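S.K.: Given chain A, work out where chains B and C should sit, using these hints.
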Amino acid sequence: MRSPQSELPQVVADIVERLRQRRPRVHCITNAVAQTFTANVLLAVGAVPSMTISPREVGAFVGRADALLINLGMFDDERQKASLAAIAAAKKARKPWVLDPVYIDRSAPRAALARRLVAKKPNALRLNEQELNALGGKASDLAAFTRDAARMHTVIGLTGERDFVSDGTRLATVANGDPLMAKVTAMGCAGSAVVAAFLAVESDAWLATTAALVAFGVAGEIAAERARGPGSFAVEMIDALHGLNRVTLIGKARVT
Amino acid sequence: MRSPQSELPQVVADIVERLRQRRPRVHCITNAVAQTFTANVLLAVGAVPSMTISPREVGAFVGRADALLINLGMFDDERQKASLAAIAAAKKARKPWVLDPVYIDRSAPRAALARRLVAKKPNALRLNEQELNALGGKASDLAAFTRDAARMHTVIGLTGERDFVSDGTRLATVANGDPLMAKVTAMGCAGSAVVAAFLAVESDAWLATTAALVAFGVAGEIAAERARGPGSFAVEMIDALHGLNRVTLIGKARVT
Amino acid sequence: MRSPQSELPQVVADIVERLRQRRPRVHCITNAVAQTFTANVLLAVGAVPSMTISPREVGAFVGRADALLINLGMFDDERQKASLAAIAAAKKARKPWVLDPVYIDRSAPRAALARRLVAKKPNALRLNEQELNALGGKASDLAAFTRDAARMHTVIGLTGERDFVSDGTRLATVANGDPLMAKVTAMGCAGSAVVAAFLAVESDAWLATTAALVAFGVAGEIAAERARGPGSFAVEMIDALHGLNRVTLIGKARVT
Numbered sequence: 006m007r008s009p010q011s012e013l014p015q016v017v018a019d020i021v022e023r024l025r026q027r028r029p030r031v032h033c034i035t036n037a038v039a040q041t042f043t044a045n046v047l048l049a050v051g052a053v054p055s056m057t058i059s060p061r062e063v064g065a066f067v068g069r070a071d072a073l074l075i076n077l078g079m080f081d082d083e084r085q086k087a088s089l090a091a092i093a094a095a096k097k098a099r100k101p102w103v104l105d106p107v108y109i110d111r112s113a114p115r116a117a118l119a120r121r122l123v124a125k126k127p128n129a130l131r132l133n134e135q136e137l138n139a140l141g142g143k144a145s146d147l148a149a150f151t152r153d154a155a156r157m158h159t160v161i162g163l164t165g166e167r168d169f170v171s172d173g174t175r176l177a178t179v180a181n182g183d184p185l186m187a188k189v190t191a192m193g194c195a196g197s198a199v200v201a202a203f204l205a206v207e208s209d210a211w212l213a214t215t216a217a218l219v220a221f222g223v224a225g226e227i228a229a230e231r232a233r234g235p236g237s238f239a240v241e242m243i244d245a246l247h248g249l250n251r252v253t254l255i256g257k258a259r260v261t
Numbered sequence: 006m007r008s009p010q011s012e013l014p015q016v017v018a019d020i021v022e023r024l025r026q027r028r029p030r031v032h033c034i035t036n037a038v039a040q041t042f043t044a045n046v047l048l049a050v051g052a053v054p055s056m057t058i059s060p061r062e063v064g065a066f067v068g069r070a071d072a073l074l075i076n077l078g079m080f081d082d083e084r085q086k087a088s089l090a091a092i093a094a095a096k097k098a099r100k101p102w103v104l105d106p107v108y109i110d111r112s113a114p115r116a117a118l119a120r121r122l123v124a125k126k127p128n129a130l131r132l133n134e135q136e137l138n139a140l141g142g143k144a145s146d147l148a149a150f151t152r153d154a155a156r157m158h159t160v161i162g163l164t165g166e167r168d169f170v171s172d173g174t175r176l177a178t179v180a181n182g183d184p185l186m187a188k189v190t191a192m193g194c195a196g197s198a199v200v201a202a203f204l205a206v207e208s209d210a211w212l213a214t215t216a217a218l219v220a221f222g223v224a225g226e227i228a229a230e231r232a233r234g235p236g237s238f239a240v241e242m243i244d245a246l247h248g249l250n251r252v253t254l255i256g257k258a259r260v261t
Numbered sequence: 006m007r008s009p010q011s012e013l014p015q016v017v018a019d020i021v022e023r024l025r026q027r028r029p030r031v032h033c034i035t036n037a038v039a040q041t042f043t044a045n046v047l048l049a050v051g052a053v054p055s056m057t058i059s060p061r062e063v064g065a066f067v068g069r070a071d072a073l074l075i076n077l078g079m080f081d082d083e084r085q086k087a088s089l090a091a092i093a094a095a096k097k098a099r100k101p102w103v104l105d106p107v108y109i110d111r112s113a114p115r116a117a118l119a120r121r122l123v124a125k126k127p128n129a130l131r132l133n134e135q136e137l138n139a140l141g142g143k144a145s146d147l148a149a150f151t152r153d154a155a156r157m158h159t160v161i162g163l164t165g166e167r168d169f170v171s172d173g174t175r176l177a178t179v180a181n182g183d184p185l186m187a188k189v190t191a192m193g194c195a196g197s198a199v200v201a202a203f204l205a206v207e208s209d210a211w212l213a214t215t216a217a218l219v220a221f222g223v224a225g226e227i228a229a230e231r232a233r234g235p236g237s238f239a240v241e242m243i244d245a246l247h248g249l250n251r252v253t254l255i256g257k258a259r260v261t
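Protein chains in written order, with our numbering: chain A, 6 to 261; chain B, 6 to 261; chain C, 6 to 261.
Chain A with its partners taken away, still in its complex shape (with noise of 0.2 angstroms):
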């Protein structure tokens, strides 16, 4: 462990500054409804973005990417097979991946996919506890949590009202956040992305996850002051983003 979790908010500080002198290609095959969210997302904290689901292509994009996200978001055959090529390449390249199996609570075919996509080993899972139960995921309490991620042999990043992150040993609590977050369509899956960004710059795929987690909920308060509803919330959490700095993010984090 790199950093004991008193230091966490530091870590999280000094993450996004690597993040955005090192610029780093995220990849992203992700549902119609995010791709332009998650787009001005990566921007806004400093990667450069890349969307296409072209199975011909993909390869060579997510070969020369620092991150890929697989979003379950849509179903398709085309983004089927390009996630199947996508990770194979990552693997091949040793660059990490996030998978978010955005409602596979909601159905069967795709809950398959998450579990067969789930064996081949994501850096980072990022769901919500509906999803993890789909999974066969138990979060009924952080110790069954913990099994979960040790099992999954992966970090999970569960989000909720509080956030909660696991590599099977390790277990961090994020409180950050507002409830305007869960009125903006595509936010979580832009989350994901987000983490997909931070492994890109940080091999700790625990402290990534926690990390970037972090920033996207402290990025959600400082919009909700700002806001008067859910459209100018998700026009000021991209602003909050781009904004964020080292004091801000060590002033507001609430993590353990």
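Keep in mind that the hints were calculated from the coordinates and are not lab data.
Because the structure is a prediction, the values reported are computed rather than measured.
Misleading hints may appear alongside valid ones.
Which chain C residues face chain A? A few, computed with CB under 8 angstroms, are given here [unchecked claim]:
no. : residue
1   : Gln26
2   : His158
3   : Gly236
Keeping only pairs whose Cα atoms sit at most 16 angstroms apart, straight-line, the calculated EDC-like set for lysine to aspartate or glutamate is [unchecked claim]:
no. : chain 1 : residue 1 : chain 2 : residue 2
4   : C       : Lys188    : A       : Asp244
5   : B       : Lys86     : A       : Asp82
6   : C       : Lys257    : C       : Asp81
7   : A       : Lys126    : A       : Glu226
8   : C       : Lys86     : B       : Asp81
9   : A       : Lys188    : A       : Asp146
10  : B       : Lys257    : B       : Asp19
11  : B       : Lys86     : A       : Asp244
12  : A       : Lys188    : A       : Glu166
13  : C       : Lys257    : C       : Asp82
14  : C       : Lys257    : C       : Glu230
15  : C       : Lys86     : B       : Asp244
16  : B       : Lys188    : B       : Asp146
17  : A       : Lys86     : C       : Glu230
18  : A       : Lys86     : C       : Asp81
19  : A       : Lys188    : B       : Glu166
20  : B       : Lys143    : B       : Asp183
21  : B       : Lys188    : C       : Asp244
22  : C       : Lys257    : C       : Asp209
23  : C       : Lys188    : C       : Glu226
Yeah, the Cβ is synthetic: ideal placement off N, Cα and C, and Gly gets one too.
M.R.: Using the frame of chain A, we list chains B and C on its own:
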């Protein structure tokens, strides 16, 4: 008829309150341009959107949804297959559905599909005058428009400078709205999704459609007061829909 | 040449006014990330967008449009087929078309398609330096850039910190714009759509392309004055395009 037309503003406010309590799920098969804005509009009024177009899982989503929107703004094979599967699932589960035959006046094959779907008797049809003409509608005067609704066995919500809603017997005229609504892409598509959300909590389709167009138009007026152009108008529209309340709705509704 | 370069600001203002009077239809085959923003940008400048990529109906849409945009930001089979059909329809109807070869520097098959489409002689080609290089362009100096345009038999609009426009003979340099434009996804794609809209009302493609880049850049400067980050910048950009007027354009144009 459940209420005299003079009570319509109160009924609109009642339906909006019911929508927020029940938080109905609305499944949308809609075009790529409209997806994100439509999802955010549905979240803002209090509904929960889903958007998959995969023929394999659309049945599961519609089965668990409370209403369905079919928007013809894209005419690819996958969306056509998904639309037919979704309508079948909605009919089987007795869930209301709305058809929005976008741009059928510009494409003969799309108009042919629209006629085929109208024959399946959507609970409501939301369109503009050119699109109604492409379906053989007249709309030259209110009597002809009412006959169109009777002939098609559906509620027609005809939007334009003024909106008209008929079920073949009753007729409502809605004078709410703002010209900026025509300067934001997918505004009409999002309005049709709001009709679907209202149908989910109000079984009288004429009342639901009228109420949806009133609420959407009132939000447009509030947004226009705050906007400096179509960019900020789209943002303010989401905020205004989210902030709609009984007093505002009743004070601003112009429906007869 | 219709006007000396010292009169370019006035000519830009003339074209913008003509655009608002004629409200040309612009059909766009563009990537999923760009579709909504592009449609809203076109509406804001006074054009009427359509976006279908269905090969079956794209001919009908292009036939009734006044200009066409082909954006290679997604490389799926359906968009490729649609692009070829759309270009054929545009040529048949003698409508101007613009090619935006997004990210061809990152994908060899996409670059090959771009070369094939350049050979079909678009009225304008809008790209950045990496993309021009991937087409065999030099752009090492202005003379080499002018030769690129002559060799490709098209107008090239090369955007970057400064924009350059050449038709193989004439050369314009545009110094308008703001760095925030690079922090919003699909900003370049939307700029290419504006080029198409200007081509619809100005037959001199070099003038139309130059004017479009000036107007877009001026709007970017106005938006940057009002924005707090890339989220609000995107919103302000739409408002600024919508609010462009003769006085502002002539006062702020920096074109030689």
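S.K.: Could you check the structure against the hints above and give me the numbers of any it violates, in ascending order?
M.R.: Those not satisfied are hints 1, 2, 6, 7, 9, 11, 13, 15, 16, 17, 19, 20 and 22.
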